[in-house]
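Participant: The lines below spell out each chain.
There are 2 protein chains.
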Amino acid sequence: METTLATTQEVINRAQFFDHWQGHRSLTRKVIEAFPEKELFTFKIGTMRTFADMVGELLAIAAPGLGEIATGKKAVLNEAIDFKNSKREMLRLWDLATVAINKYWDQMGKVDFQQEHLSFGQFPGTVQSALFYFLDNEIHHRGQGYVYLRALDVEPPFFYDR
Amino acid sequence: METTLATTQEVINRAQFFDHWQGHRSLTRKVIEAFPEKELFTFKIGTMRTFADMVGELLAIAAPGLGEIATGKKAVLNEAIDFKNSKREMLRLWDLATVAINKYWDQMGKVDFQQEHLSFGQFPGTVQSALFYFLDNEIHHRGQGYVYLRALDVEPPFFYDR
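Quick mapping for you: the protein sequence lines, in order, are chains A and B.
Residues in the first sequence are numbered from 1 upward in steps of one, following the numbering used here.
Residues in the second sequence are numbered from 1 upward in steps of one, following the numbering used here.
Isolated chain A, as found in the complex (with noise of 0.2 Å):
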């Protein structure tokens, strides 16, 4: 009875997180689309970063983050991703962060995410903290480009849209 009370208590469980954080991935995946293709590279607010650049930190963060964790490899923060001023050059991308996340999540199985963890070198915490991080920064940012859309009069997707 311990064990079943346990298990239907979890918070959230491995696939729920799972399939939780890519919907948001495939949210983002919408407001990339929603995007006017030159307004993507080029439109900001303020001393803001274009959407572009946004989605140049969430591909840095992403999959190369949880390859971190799933393998034990350490890996480099490269915002600095080369789009080619193209939309469909960031949605392949987009699309192969995807599968390799997909590819990762396969290998977390022996993997404690209560264990310590610190990604890129420098952000220390837990498997946990840092797969909420990676969720929650997604959300943050992916809100401002909703913001950017609006301000460009284009309708973002519905936010329960994943």
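Just so you know, these hints were derived from the structure itself, not from any lab.
Just to be clear, a hint being listed does not mean it is correct.
Stated by the list, open to error - Derived DMTMM-like pairs: lysine to aspartate or glutamate, alpha-carbon spacing no greater than 25 Å straight-line:
{"hint": "1", "chain 1": "B", "residue 1": "Lys44", "chain 2": "A", "residue 2": "Asp53"}
{"hint": "2", "chain 1": "A", "residue 1": "Lys30", "chain 2": "A", "residue 2": "Asp19"}
{"hint": "3", "chain 1": "A", "residue 1": "Lys30", "chain 2": "B", "residue 2": "Asp136"}
{"hint": "4", "chain 1": "A", "residue 1": "Lys44", "chain 2": "B", "residue 2": "Asp136"}
{"hint": "5", "chain 1": "A", "residue 1": "Lys44", "chain 2": "B", "residue 2": "Asp153"}
{"hint": "6", "chain 1": "B", "residue 1": "Lys44", "chain 2": "A", "residue 2": "Asp136"}
{"hint": "7", "chain 1": "B", "residue 1": "Lys44", "chain 2": "B", "residue 2": "Glu155"}
{"hint": "8", "chain 1": "B", "residue 1": "Lys30", "chain 2": "B", "residue 2": "Asp161"}
For this one, chain A is given, so just place chain B on it according to the hints.
Facilitator: Chain B alone, transformed into the frame defined by chain A:
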């Protein structure tokens, strides 16, 4: 051993999830504090709402939504919160919500996070999906608040400052 493995391999435990959520709420409070009072209630981009209106939504969801889960008593979604155009009043209501959330969380001991739950009589899912919606939705709108602050030439708090 089986039990130990299951426990340490939880994605995130209850105490961690709670600290994570309240940490995010603490950051949102700092974003409210960073707004110039007039613009908090008047500034918007495109067809979007003011940040005060978004905060009204967040307050309508967090404590009442958790209260439904913790107590089983139905709540009504009421986003039209009267802040009296006062940042101090908004922060007072924010802090009251923090206290209410702490109180409700203490009553969550017997709640199965995987059980079905209908939020506000209209949003079906599970306790898990409801709690993640509360959290994700706040990160999303707070990210939008960051853009408003940048557009107003105000430095937002650091994302990791919880």
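Participant: None of the hints should be skipped; say for each whether it holds.
Facilitator: Each hint tested on the structure:
no. : hint                  : in the structure
1   : B:Lys44 with A:Asp53  : 24 Å, holds
2   : A:Lys30 with A:Asp19  : 16 Å, holds
3   : A:Lys30 with B:Asp136 : 17 Å, holds
4   : A:Lys44 with B:Asp136 : 24 Å, holds
5   : A:Lys44 with B:Asp153 : 13 Å, holds
6   : B:Lys44 with A:Asp136 : 24 Å, holds
7   : B:Lys44 with B:Glu155 : 17 Å, holds
8   : B:Lys30 with B:Asp161 : 9 Å, holds
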